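Protein chains in written order, with the working numbering: chain A, 13 to 386; chain B, 13 to 386; chain C, 13 to 386; chain D, 13 to 386.
Hints are computed from structural coordinates only; laboratory data are not their basis. In this text, all values refer to a predicted model and were calculated from it rather than measured experimentally. Possibly wrong hints are sitting among the right ones.
[Stated by the list, open to error] Below, computed lysine-lysine pairings styled on DSS-like, alpha-carbon distance capped at 30 Å:
no., chain 1, residue 1, chain 2, residue 2
1, C, Lys165, B, Lys14
2, B, Lys298, D, Lys14
3, B, Lys298, D, Lys165
4, A, Lys298, B, Lys298
5, A, Lys189, B, Lys14
6, C, Lys14, B, Lys189
7, A, Lys298, C, Lys189
8, B, Lys165, D, Lys298
9, D, Lys14, A, Lys14
10, D, Lys298, D, Lys165
11, C, Lys165, A, Lys165
12, A, Lys14, D, Lys189
13, A, Lys298, C, Lys298
14, B, Lys14, C, Lys189
15, D, Lys165, A, Lys189
16, A, Lys165, C, Lys298
17, A, Lys14, A, Lys165
18, C, Lys298, D, Lys189
19, C, Lys189, D, Lys298
20, D, Lys165, B, Lys165
[Said to hold, decoys possible] Which chain C residues stay away from chain A? Per the calculated CB distances, all over 10 Å, these:
no., residue
21, Ala83
22, Glu130
23, Ala191
24, Pro301
25, Gln303
26, Val304
27, Asp374
28, Trp377
[Unchecked claim] Chain C is nowhere near these chain D residues, computed Cβ spacing over 10 Å in every case:
no., residue
29, Ala162
30, Gly188
31, Asp226
Even glycine gets a Cβ: it sits at the ideal position worked out from N, Cα and C.
There are 4 protein chains.
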Amino acid sequence: MKRIRLGMVGGGAGAFIGPVHRIAARLDDRYTLVAAALSSNPERALASGRAIGLPDERIYADWAEMARAEAARPDGIEAVSITTPNHLHLPVARAFLAAGIHVICDKPLGLTLAQAREFAAFARTAPARFFLTHNYSAYPLVRQARDMVAEGKLGHLRIINMEYLQGWLSDDHVAGKQAEWRADPARAGLGGALGDIGTHAYHLANFVTGLRADRLSADLQSFGAERALDDNAHIHFRFPGGVAGSGWISQVAVGQECGLRLRVVGTAGMLEFFQEDPNRLLFWRKDEPLQVFTRGGPRATQDVRVPAGHPEGYLEAFASLYRDIADALAGDAAAAGRVPSLDDGLEGMAFIAAAVASHAADGAWIALDEYRNR
Amino acid sequence: MKRIRLGMVGGGAGAFIGPVHRIAARLDDRYTLVAAALSSNPERALASGRAIGLPDERIYADWAEMARAEAARPDGIEAVSITTPNHLHLPVARAFLAAGIHVICDKPLGLTLAQAREFAAFARTAPARFFLTHNYSAYPLVRQARDMVAEGKLGHLRIINMEYLQGWLSDDHVAGKQAEWRADPARAGLGGALGDIGTHAYHLANFVTGLRADRLSADLQSFGAERALDDNAHIHFRFPGGVAGSGWISQVAVGQECGLRLRVVGTAGMLEFFQEDPNRLLFWRKDEPLQVFTRGGPRATQDVRVPAGHPEGYLEAFASLYRDIADALAGDAAAAGRVPSLDDGLEGMAFIAAAVASHAADGAWIALDEYRNR
Amino acid sequence: MKRIRLGMVGGGAGAFIGPVHRIAARLDDRYTLVAAALSSNPERALASGRAIGLPDERIYADWAEMARAEAARPDGIEAVSITTPNHLHLPVARAFLAAGIHVICDKPLGLTLAQAREFAAFARTAPARFFLTHNYSAYPLVRQARDMVAEGKLGHLRIINMEYLQGWLSDDHVAGKQAEWRADPARAGLGGALGDIGTHAYHLANFVTGLRADRLSADLQSFGAERALDDNAHIHFRFPGGVAGSGWISQVAVGQECGLRLRVVGTAGMLEFFQEDPNRLLFWRKDEPLQVFTRGGPRATQDVRVPAGHPEGYLEAFASLYRDIADALAGDAAAAGRVPSLDDGLEGMAFIAAAVASHAADGAWIALDEYRNR
Amino acid sequence: MKRIRLGMVGGGAGAFIGPVHRIAARLDDRYTLVAAALSSNPERALASGRAIGLPDERIYADWAEMARAEAARPDGIEAVSITTPNHLHLPVARAFLAAGIHVICDKPLGLTLAQAREFAAFARTAPARFFLTHNYSAYPLVRQARDMVAEGKLGHLRIINMEYLQGWLSDDHVAGKQAEWRADPARAGLGGALGDIGTHAYHLANFVTGLRADRLSADLQSFGAERALDDNAHIHFRFPGGVAGSGWISQVAVGQECGLRLRVVGTAGMLEFFQEDPNRLLFWRKDEPLQVFTRGGPRATQDVRVPAGHPEGYLEAFASLYRDIADALAGDAAAAGRVPSLDDGLEGMAFIAAAVASHAADGAWIALDEYRNR
C-alpha cells in the first residue's frame with residue numbers, strides 16, 4: 013500500500029505531542045515523514061529534524077516557507093501534522109490548506125471563536141482537507157460504545173456525565189515548556205483546563221452519544237496562585253431531548269493522571285468508559301449483571317492490531333485516527349465519518365466560549381447556539 | 013455492660029430500614045428491644061411485634077400511646093428508633109422526646125424546613141436527646157478519611173465531589189411500598205432523590221471535610237413519567253475558603269446499586285471513598301504512588317469487630333452508630349461528637365430546600381444561610 | 013420466633029473468634045446466649061462472662077461441669093458454640109453431645125485423624141447434633157456459585173484453583189495469643205497454615221464444586237525461623253472425573269489479609285470468588301463478556317438482609333450459618349444441607365494428613381482415601 | 013539516528029506475531045524493514061511482501077536463499093526477525109547467523125533441548141548476535157519490579173507464583189492456523205501451553221527475581237479431546253536459597269485472555285504484576301498500605317514514550333525490546349543486559365523438558381540441571 017508523504021510543524025526536542033503524532037503515523041505504516049518544521053529556531057529545527065532522520069533540505073524553521081516549498085516539489089508532502097501550541101494551529105493550517113496540503117491538526121481550533129469561525133469558512137472551500145485529532149474517540153471500545161448507543165442498547169438517553177481529572181498543575185507554579193504555554197492566554201486561548209482537556213471530554217461525549225449540548229452552566233476555578241486561566245471546572249449541561257449532563261474537569265486533582273471518564277445513562281442501560289483502563293467497557297443492562305466488554309467482542313476487533321488480552325493503549329488509538337485519515341484520503345467515507353472534523357473543532361470552541369461566558373455571568377445557562385452561529 | 017431498653021416505631025413486615033435498625037442495635041449487644049409500634053394497623057402491628065418476639069403488652073399500634081405507656085413503666089424504654097416514612101419522623105420524635113425518651117431517628121428531619129426548624133427549637137430544650145442516623149458516616153474508613161483531612165494530610169482543601177447513584181427508579185413507575193411513599197411529596201417531602209440519598213452524600217461530605225456549603229446551584233430532573241419529585245440531580249457547590257464542589261445524585265442510573273462516592277482534593281493529596289467497597293480508602297499524595305488503606309491501619313481498627321481482610325459492611329457501620337449512641341448516652345462526649353445531630357438534620361433540610369429553590373430559579377446560586385437562619 | 017438457648021466454650025477476653033460467634037448468633041435474633049465457660053481460669057471466666065452480661069450462676073470455668081449443669085437445668089442451653097484452640101474441640105464437643113446438647117464447633121475436627129475418626133463414630137450415635145463452622149461457605153455469592161455449578165452453567169468441570177493468602181506470620185516470631193497456639197503442634201495439630209486456613213480453602217472448593225479430591229501432592233514450607241508447622245503450602249490435586257486442581261496457602265504473603273480466592277473452570281464457563289470482595293462473583297461464559305454478579309441476582313437474595321449495594325461481609329456470612337443451624341434444628345433439611353458437617357470435618361483432617369504425608373514423601377501423590385477410611 | 017536494515021522470516025497474511033514484530037520494529041523508528049521471506053509458498057510470499065511495501069527483488073520464498081542473497085548485497089539486511097512456527101526457529105536462525113546477520117527470534121529455542129543445545133554451541137561462536145523475544149519482560153513496570161527486587165525492597169525472597177491463563181483452546185478442537193501448528197508436536201515441540209505461554213511466565217519470574225529454578229514437579233493435562241500436547245499445567249518449583257514457587261498455566265481457562273500474573277513474596281514486601289493491566293504494579297510493604305505504582309515513578313519513566321495516564325500496552329513493550337536490541341547492537345551493554353538471550357532460550361527449553369519429564373514420572377521432582385548441562 014502506498015504511503016502518504018507526511019510533514020510536521022511543531023514537535024521538536026522536549027515536545028510531548030509531536031513524537032506521539034510521529035509514532036501514530038508510522039505505527040500502521042501508512043505514512044512516511046519526509047519534511048518538518050519542528051521549531052521556529054533554525055538551529056533547533058535543524059538539530060531536531062536531523063535527530064529524526066530527515067535530510068537537511070526537508071528541514072524548515074519557517075512553516076510558511078515549508079508550505080510553499082513542499083507544494084512546489086513533485087515529491088512534496090501530501091499532508092501535514094500540526095502539533096504546535098494552540099495559537100499557531102490556525103495560521104499554520106491555513107498556509108498548508110491554501111497550498112493544497114491536507115492538514116491533521118491538534119485541538120483546539122485556535123484561540124477564539126471568531127478566529128475559528130473565520131478559519132472554518134476558509135477551510136470549507138480550501139483545496140485540501142482538514143482533520144482534528146480528538147484522539148480518545150479512536151479507542152476501540154469508545155467506538156463500540158458509540159455503536160451501542162446508536163443501536164439503542166441503552167434505550168432513550170437520559171444522562172451524560174464526563175470527567176477529565178489530572179493533577180499535574182496542583183502546584184501554584186508549574187515549570188516546564190508544557191505548563192508554560194498552557195498557562196498563557198495568548199498562546200492557549202480562553203480556556204485553561206477547559207481547552208486543554210475539557211474539550212476532549214466534551215468531544216468524547218458528543219462522539220459516543222451523537223448529541224451536542226443545547227445549553228450549559230459553568231463554575232470555573234483557578235486554584236494555582238499564579239494562574240490566569242481555569243484549572244478546574246464544574247459544568248451542567250442540557251442536551252436535546254431532555255438529556256441532562258454534568259462534567260468535572262480538573263488539572264489540580266492530586267495524583268490523577270489522565271482520568272478521562274464517560275458515563276451514559278439511558279432508560280434501558282448504562283455505559284462507563286475510563287481512559288486509563290481502555291481495554292474494558294462497562295455495561296449495565298436493567299436487571300442483569302454488569303457486563304465487562306474487552307476488545308474481544310465483534311465490534312471492537314475491527315479496530316485492533318493484537319487480540320484482546322494484549323493491551324492496546326493511547327498510541328494505538330492515536331494511530332487508529334491516523335489510519336482512518338489515510339483511509340479517508342483514499343476515499344473511504346466511513347473512515348472519514350469516524351475522524352473528528354472542522355465541525356467538532358468549532359463545537360469545542362463554542363463549548364469553551366460558552367463555559368467562560370456562563371462563569372462570567374455567575375453560572376447563568378448559556379445557549380451554545382449563540383456561539384455556534386454568531 | 014447494661015443494655016439500653018429500646019423501642020421502635022415503624023419497621024413492620026415489608027420494611028427495609030426497620031430490620032436494619034434492629035440488627036444494628038443488637039450487633040454490639042448494647043440494646044434490648046422491648047417494645048414497638050411497627051405499624052399503625054393494629055393487626056399488622058401485633059403480628060409484626062410477635063414475629064420479632066415482643067410480648068403483646070409491649071406491642072402498640074399507636075405511637076403516641078406507646079410514648080405515654082412506656083414513659084409510665086418503671087421498665088419502660090430508654091430510647092426509641094424511628095424508622096417510619098419521612099412525614100412521621102418529627103411528630104413521633106416529638107412525642108417521645110416530650111416523654112423523656114431518647115430518639116434515634118432516620119433522616120431527613122421531616123418534610124419542610126419550617127417543620128424542622130420548629131422541631132429543632134423544641135428538641136433543644138427537650139428532656140431527652142436526639143440522634144440522626146446518617147449511617148454512612150460510621151464506616152471505619154470514612155472516619156479515617158475525616159481524621160486525615162483534619163490532620164492536614166490533604167493540605168488545604170480545594171474540591172469536593174460527591175455522587176450517589178442508584179438505578180432502582182429507572183422505570184417510569186416502580187411498584188412496591190418503598191417506591192410509593194418516596195414518590196409522594198406528602199410523605200417524602202420536597203426532595204425525591206435529593207432527600208432520599210442526596211442528603212446522605214451531602215452529609216458525608218460535611219462529615220469528612222468539616223465544611224458546609226455556602227451556596228449551591230442545582231439542576232434537577234424527573235425522568236420517571238409519573239414522578240412528582242426529582243429522580244436525578246446535578247449540583248454545584250461553593251464551600252467556605254474557596255473550596256468548590258459538585259454532586260451527581262441519581263435513582264435512574266441503570267444498574268447502579270448504592271454508588272455513594274466521595275472525592276476530596278487538597279493542595280497536597282486526594283482521597284476517594286466508595287461505599288460499595290467500604291473496606292478500602294484511596295489516597296494520592298503528591299508525587300507518590302496511590303496508597304490503598306484497609307481497616308488494618310491504626311485509625312480504622314478503633315471501629316472494627318474483626319481484623320482487616322474480614323469484610324465489614326453496611327450493617328456494621330450502622331451498628332457502630334448505635335454503639336456510639338449508647339456511649340454518648342453513657343456520657344462519652346467523643347462518641348457523641350461522631351453521631352449526626354439535630355444540626356446535621358437541619359443542614360440536610362437546608363440543602364434540599366436550597367437545591368429545589370435553585371432549580372426553580374433556573375440554577376441561580378442560592379445561599380444556604382437563607383434556609384438555615386430563616 | 014422462639015430463640016435457641018445458647019452456651020459458649022472459649023472466647024474470653026482477647027479472643028478473636030469467640031466474639032464473632034456471639035455476633036453471628038444474635039445478628040438474626042435466633043439465639044440467646046445464656047451460659048458460658050469463656051476461660052479455664054476461674055477469675056477470667058467470671059470477668060469475661062460478666063462483661064457480656066451473663067449471670068454468675070451461668071458462668072463456668074470448667075466446661076465439663078457446664079455440660080452437666082446445663083443439661084440438668086430445665087432452662088439449660090440447647091446448643092453450645094465451641095471456640096477454643098483446636099486441641100479442645102473434640103473433648104468439649106463430646107461432653108456436650110453426650111449431655112444431649114447440640115454442638116456448633118470451629119474447624120478443624122481436632123488434632124489428628126485418629127481422634128477425629130473416633131469422635132465421628134461417637135458423634136454419629138450421640139443424642140444431639142454436630143455442626144462445623146466453615147463460615148466462608150455461607151456467603152450469598154458462594155452459594156450462588158455452588159448452584160451455578162450444580163445447574164451446569166460451567167459445563168463439565170476441568171480445573172479448580174484455590175488460594176488463601178495472609179501475611180500476618182511473615183515475621184520469624186509473631187507474638188500474641190492468636191499466633192502462639194497456632195504455632196504449637198500440641199494445640200494446633202499437624203497443620204499450620206494448612207489447618208488454620210487451608211482447610212477453609214479446601215472446604216470452599218468442595219462446597220462449590222461438590223467434589224472431594226482423590227489424590228494430592230504437597231510441598232510445604234516453614235519460613236518463620238522459630239516455627240514448627242508449615243506457614244506456606246503448594247498443593248496439586250486430582251479430583252474425580254479428571255478434574256485437576258491446585259492450591260496456594262500462605263501466612264507469610266506480606267500485606268495480604270484474608271485473600272481466600274476460588275476459581276473453577278469448566279468446559280463452558282469459569283467462576284471466580286474472592287473473599288475480600290464478597291459482594292461480587294465473576295463469571296465468564298464462552299464468547300461472552302465477563303458478567304459480574306452482585307447480591308442483587310435472584311439466587312443471592314435468598315440469603316441477604318439488605319439489598320445489593322449495601323455491602324454484607326464476614327459477620328453476615330457467619331450469621332447465615334447460625335441461621336441455617338437454627339433452621340436445621342427446627343427440622344429444615346435444606347438448611348441442614350447447607351451447613352458443614354462431621355463429614356466435612358473428617359475431610360478437612362484427611363486433607364491435612366494427606367498433605368503432610370505427601371510433603372514427607374517428597375511430594376508423592378497421596379490418596380485421600382487412605383486417610384478417610386483407615 | 014541511523015536505522016537498522018531489517019529482514020523478516022515468517023509473518024505472512026493471517027499471521028499473528030509477524031505483524032507485531034513489524035510494528036514493534038518501526039514504533040521507535042530504529043529499523044527499516046527492507047527484505048522478507050514471509051511464506052514458503054512463492055505466490056503468498058510475493059503477495060504478502062508487496063502488501064507491506066517491499067520491492068519484488070527483496071521478497072523471498074526461500075529463507076536460505078534470502079540469507080545468502082542479503083549477505084551478498086552491500087545494502088543487505090543487518091538483522092532478521094524470525095516469526096515462524098517453532099520448528100523453523102533454529103534452522104532459520106543458524107542460516108542467518110552463519111551469514112553474519114543478527115537474529116531476533118521468537119521463543120522457544122526450537123523443539124528439543126538437544127537441538128537447542130547444539131544450536132547454542134554454534135551461536136556462541138557465530139559472527140553475529142542472537143536475541144530472544146520474551147517480550148513481557150520489557151514492560152516498564154516489570155523492569156521496575158526487577159529493580160525493586162534487586163534493591164532489596166522485598167527483603168529476602170521466599171515465594172514466587174506465576175500464572176498465565178488463556179481460554180482460547182477450551183473447545184476440543186480449535187480451528188485456524190494459530191491453533192493448528194501449536195497442537196502439532198512436530199511443529200510446536202514437547203510442550204503445548206507449557207511452551208507457548210508457560211515459558212513466558214517462567215522467564216518473567218526469572219527476569220524479575222534473578223532466580224532460575226533448581227527443581228520442579230509438574231502435573232499436566234490435555235483437556236481438549238483431540239489434543240496431543242498439554243493445554244493446562246500445574247507446577248511446583250524450588251528455587252535457590254529456599255525460595256518456593258508454583259505456577260498455573262492454562263489455555264482452557266474459559267474467558268481468560270492473556271492472564272499473565274507474577275507475584276513475588278519476600279520477608280519485607282510483596283509484588284504483583286498482571287499483564288492485562290500493565291500500567292500498574294502492586295506493592296505491599298509490611299505494615300503499610302498497598303502502594304500502586306504507575307509508569308509515573310522515576311524508574312518506569314526511563315522506558316516510556318508518553319506520560320503515565322496515557323496507557324502503553326503490549327506493542328510498546330515489544331517495541332522497547334526492539335529498541336534495546338538496537339542499542340545493544342550499537343554497543344550499549346546495559347541495553348543488551350535487558351534483552352533475553354540464548355541462555356534464556358536454553359532455560360526455557362530445560363523448563364519444558366523438565367516439566368514433561370516430571371509429569372511422565374508422576375510428578376517426581378526433577379532437577380533442571382539435568383537438562384541444562386546434559
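Here's how the hints hold up against the structure:
no.: 1; hint: C/Lys165 / B/Lys14; verdict: violated (51 Å)
no.: 2; hint: B/Lys298 / D/Lys14; verdict: violated (40 Å)
no.: 3; hint: B/Lys298 / D/Lys165; verdict: holds (21 Å)
no.: 4; hint: A/Lys298 / B/Lys298; verdict: violated (40 Å)
no.: 5; hint: A/Lys189 / B/Lys14; verdict: violated (68 Å)
no.: 6; hint: C/Lys14 / B/Lys189; verdict: holds (28 Å)
no.: 7; hint: A/Lys298 / C/Lys189; verdict: violated (50 Å)
no.: 8; hint: B/Lys165 / D/Lys298; verdict: holds (21 Å)
no.: 9; hint: D/Lys14 / A/Lys14; verdict: holds (23 Å)
no.: 10; hint: D/Lys298 / D/Lys165; verdict: holds (11 Å)
no.: 11; hint: C/Lys165 / A/Lys165; verdict: holds (25 Å)
no.: 12; hint: A/Lys14 / D/Lys189; verdict: holds (28 Å)
no.: 13; hint: A/Lys298 / C/Lys298; verdict: holds (22 Å)
no.: 14; hint: B/Lys14 / C/Lys189; verdict: holds (28 Å)
no.: 15; hint: D/Lys165 / A/Lys189; verdict: violated (35 Å)
no.: 16; hint: A/Lys165 / C/Lys298; verdict: holds (21 Å)
no.: 17; hint: A/Lys14 / A/Lys165; verdict: violated (39 Å)
no.: 18; hint: C/Lys298 / D/Lys189; verdict: holds (21 Å)
no.: 19; hint: C/Lys189 / D/Lys298; verdict: holds (21 Å)
no.: 20; hint: D/Lys165 / B/Lys165; verdict: holds (25 Å)
no.: 21; hint: Ala83; verdict: holds (50 Å)
no.: 22; hint: Glu130; verdict: holds (47 Å)
no.: 23; hint: Ala191; verdict: holds (36 Å)
no.: 24; hint: Pro301; verdict: violated (4 Å)
no.: 25; hint: Gln303; verdict: violated (4 Å)
no.: 26; hint: Val304; verdict: violated (4 Å)
no.: 27; hint: Asp374; verdict: holds (37 Å)
no.: 28; hint: Trp377; verdict: holds (33 Å)
no.: 29; hint: Ala162; verdict: holds (18 Å)
no.: 30; hint: Gly188; verdict: holds (15 Å)
no.: 31; hint: Asp226; verdict: holds (13 Å)
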